[in-house]
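Visitor: Chain by chain, the residues run as shown.
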Amino acid sequence: MKNTSPALASILTGSFTTRLVIDSFYGPTRTKEDLGEDGWELNWNSEGEIKSAGRVDIVYTDDLAQSLTPNEFADTLAPFGQELNILLEVTAGDGFTETIQQGRYLITGVPDARDEHMNVLGELLTIGSRVTLTLEDRMVRIKRAGFRSEQAPASLASCWAELQRISGMQVIRSVADKPIPVGLIYKAAEGGRLDAVQALARILDGVAYITPDGALSVLPDVWGAPVAALVLGADGTILDVGHSMESEDVFNEIVGNFQDADRNPIYAVAAVITGPLATTGPFGRYTRYVTSEQVSTQAEADAYVRAALAIATSTQVYRVPVQCVLDPRLDDGDVVTVERPTGGTLTGRIANHRIGNDGTMSLELDVQRNV
Amino acid sequence: MSENFARRVTAALAGIPTIGSKTAVFVARDGFQAQVNVGESTVTLPFVGMYLPPAGHPVQLEQRGGEVVITGPARPLPGIGVITATGSPRATVTAWGVAYSLPYRSGYTPVLSDNVDISWSGDGGVIQGKVTATSNVVAPETTPPAGLRTYNPDPFTAVDSASFGPYGWNTRDVWSSNSYIGAWFYGSKIRDTIPDTARILSAAIYLNPRQLQGAAPNFRYHTSGTRPGGAVTFGGTTFALPLVGGWTPVPLAFIDFLKVNPGGVGFNNGGYSIYRGTQADQLSGALDISWEA
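From first to last, the protein sequence lines stand for chains A and B. Going letter by letter, the first sequence gives residues 1 to 371 in the numbering used here. Going letter by letter, the second sequence gives residues 1 to 293 in the numbering used here.
Hints should not be assumed to be uniformly reliable.
Unchecked claim - Chain B side only, calculated, beta carbon under 7 Å to chain A, not exhaustive:
#1 A24
#2 Q33
#3 Q35
#4 G39
#5 P58
#6 A74
#7 Y151
#8 P153
#9 D192
#10 T193
#11 T197
#12 D288
Stated by the list, open to error - Every beta carbon over 10 Å from chain A, so not counted as near; a handful from chain B, in silico:
#13 T23
#14 T42
#15 R64
#16 G65
#17 V68
#18 I83
#19 T94
#20 L112
#21 D114
#22 I118
#23 D154
#24 T157
#25 L201
#26 W247
#27 V250
#28 N261
No wet-lab data here; the hints were simulated from the structure. For glycine and all other residues, C-beta sits at the position ideal for the given N, C-alpha and C.
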């Protein structure tokens with residue numbers, strides 16, 4: 001749930017208009033304020049490698065007839081370290097205005113850019129630029145930065161301190177800290193730093209993501225309490241509630257191969273043996289092989305495969321797509337209740353969502369089903 | 001895109017994870033192959049290494065394009081040991097902290113404390129005989145752990161800002177006047193990010209003034225991460241903030257407080273200046289901090 005004023009909640013069930021407030025940055029320096037746009041889409045996916053991304057079409061007319069089409073590495077909208085800060089401004093009739101921070105994005109591509117020209121007394125002037133930008137959150141910086149050689153954590157005392165040290169970023173300690181188990185080695189490979197960050201987040205029982213204001217944080221596996229209710233009817237914002245089920249990645253058997261410090265093999269298995277997902281039932285066997293460098297005893301191995309089985313069978317079983325009116329407060333990982341057209345409500349956690357300039361929002365909710 | 005796709009297809013075709021290496025326990029030689037215990041089964045697999053280890057020793061299994069082979073012992077075996085008990089036909093030799101009971105060559109008679117050479121194979125270990133001395137090879141120097149590093153992440157943006165006056169919190173701009181105090185709030189990110197032991201090297205705040213008038217604002221730190229119900233509690237020494245906009249240096253002592261405690265910065269009255277708040281300018285109150293840790 002994003003940080004907003006209490007007054008916003010009632011505005012969002014009524015009539016309101018939105019626009020993006022886009023500032024461009026190069027390092028700490030703001031290069032342009034409040035750039036205009038002509039079409040945008042932002043999406044968040046808690047299961048993706050890069051959790052949030054987007055596209056925005058910038059339109060710009062310069063007072064001095066200069067073009068904003070990037071040509072050089074250091075140009076304002078070039079994809080070489082330049083960032084956009086995106087706020088969503090909600091305006092309602094009675095003078096209500098509130099801006100909600102949506103994300104701090106790295107420009108990673110410029111798929112299209114064109115200028116409008118006009119011939120004035122034989123001089124070709126740029127009267128406007130239209131630049132389409134591909135945006136990804138700061139996780140892409142972590143993904144691109146590698147380790148020069150294999151490394152061990154500087155200290156095993158704190159996962160959060162290591163997350164800060166190896167990312168060099170701001171962190172928000174969203175879950176309780178834990179010590180790092182012996183055996184974690186950061187790898188000198190492409191994407192190795194992102195692997196290391198996710199391994200540390202794994203120890204904290206969550207996944208690493210970038211918060212709307214651009215800090216590194218961890219989304220915990222455990223669900224929080226519902227923070228919002230999507231309802232039908234006069235004050236309702238729901239446009240459509242779907243229903244889907246997927247058997248892909250619903251593993252009912254986890255096989256773990258680990259080794260102790262002396263490299264003796266440790267083998268552990270966990271399987272569902274009762275209920276509709278039993279390996280002996282009509283669903284059959286769906287096996288996943290796991291390993292972890294942090295496991296070095298039989299007891300740890302048994303606990304690891306049991307935990308992996310619990311995750312594999314409890315999530316993703318049941319996914320509900322919801323179309324609703326844009327609600328800029330919602331974030332991936334938020335637990336919401338949804339009123340069903342067929343009666344009753346269901347409680348789900350936002351797995352991914354997208355918003356765009358059409359004023360609607362698509363969510364996919366994970367709905368927990370006990371096995 | 002196509003390269004990623006190709007990589008995914010290759011990974012899918014290779015079956016079990018491409019980083020498919022694990023260990024097994026060596027049981028016995030089976031012809032020129034090796035019989036191993038792996039998981040719940042005993043299987044015979046091709047052996048592509050040089051020497052088989054003794055029975056019971058862990059061996060390394062590798063997936064190579066769908067074929068599973070044993071590449072050799074999963075951990076090394078000692079080459080030199082010390083006789084810790086004599087006997088016949090086997091003597092006890094201790095090497096790398098483990099005692100082994102091994103046969104010895106018929107030409108050698110074990111003597112307590114002898115340094116002896118051991119050779120290992122799938123047929124077990126054999127004490128070869130006494131060596132004149134242990135190795136005197138000097139190990140290369142190790143790389144010391146990385147020392148202090150300088151950090152300067154993107155500025156810590158404020159999550160909220162407001163001013164508190166006779167009617168409570170009533171504007172999200174930041175005021176500094178006789179009747180108003182103003183404050184920026186940062187949540188927990190400054191304290192969560194900067195280690196308590198860090199040495200702060202520089203700090204600056206971004207100011208976007210609407211008006212600058214009268215005396216300098218009494219700039220101080222306060223103790224609230226988010227906006228409290230009542231006024232914030234200020235602490236530390238008052239700093240007379242110059243009447244300017246843009247990035248302005250702030251006392252490092254403020255950050256020394258904020259790295260350890262929840263809090264933010266603000267104005268404890270002074271002059272008649274108004275700064276845009278986070279609602280009007282998201283960069284308002286952002287703190288650009290560099291430190292060494």
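Visitor: Each of the hints needs a verdict: does it hold here or not?
Guide: Comparing the hints with the structure gives:
no.	hint	result
1	A24	holds (6 Å)
2	Q33	violated (19 Å)
3	Q35	violated (15 Å)
4	G39	holds (5 Å)
5	P58	holds (5 Å)
6	A74	holds (4 Å)
7	Y151	holds (6 Å)
8	P153	holds (5 Å)
9	D192	holds (4 Å)
10	T193	holds (5 Å)
11	T197	violated (10 Å)
12	D288	holds (5 Å)
13	T23	violated (4 Å)
14	T42	holds (13 Å)
15	R64	holds (17 Å)
16	G65	holds (17 Å)
17	V68	holds (12 Å)
18	I83	holds (24 Å)
19	T94	holds (17 Å)
20	L112	holds (28 Å)
21	D114	holds (27 Å)
22	I118	holds (18 Å)
23	D154	violated (6 Å)
24	T157	violated (5 Å)
25	L201	holds (15 Å)
26	W247	violated (7 Å)
27	V250	holds (14 Å)
28	N261	holds (14 Å)
Comparing the model with each numbered hint stated earlier shows that hints 2, 3, 11, 13, 23, 24, 26 do not hold.
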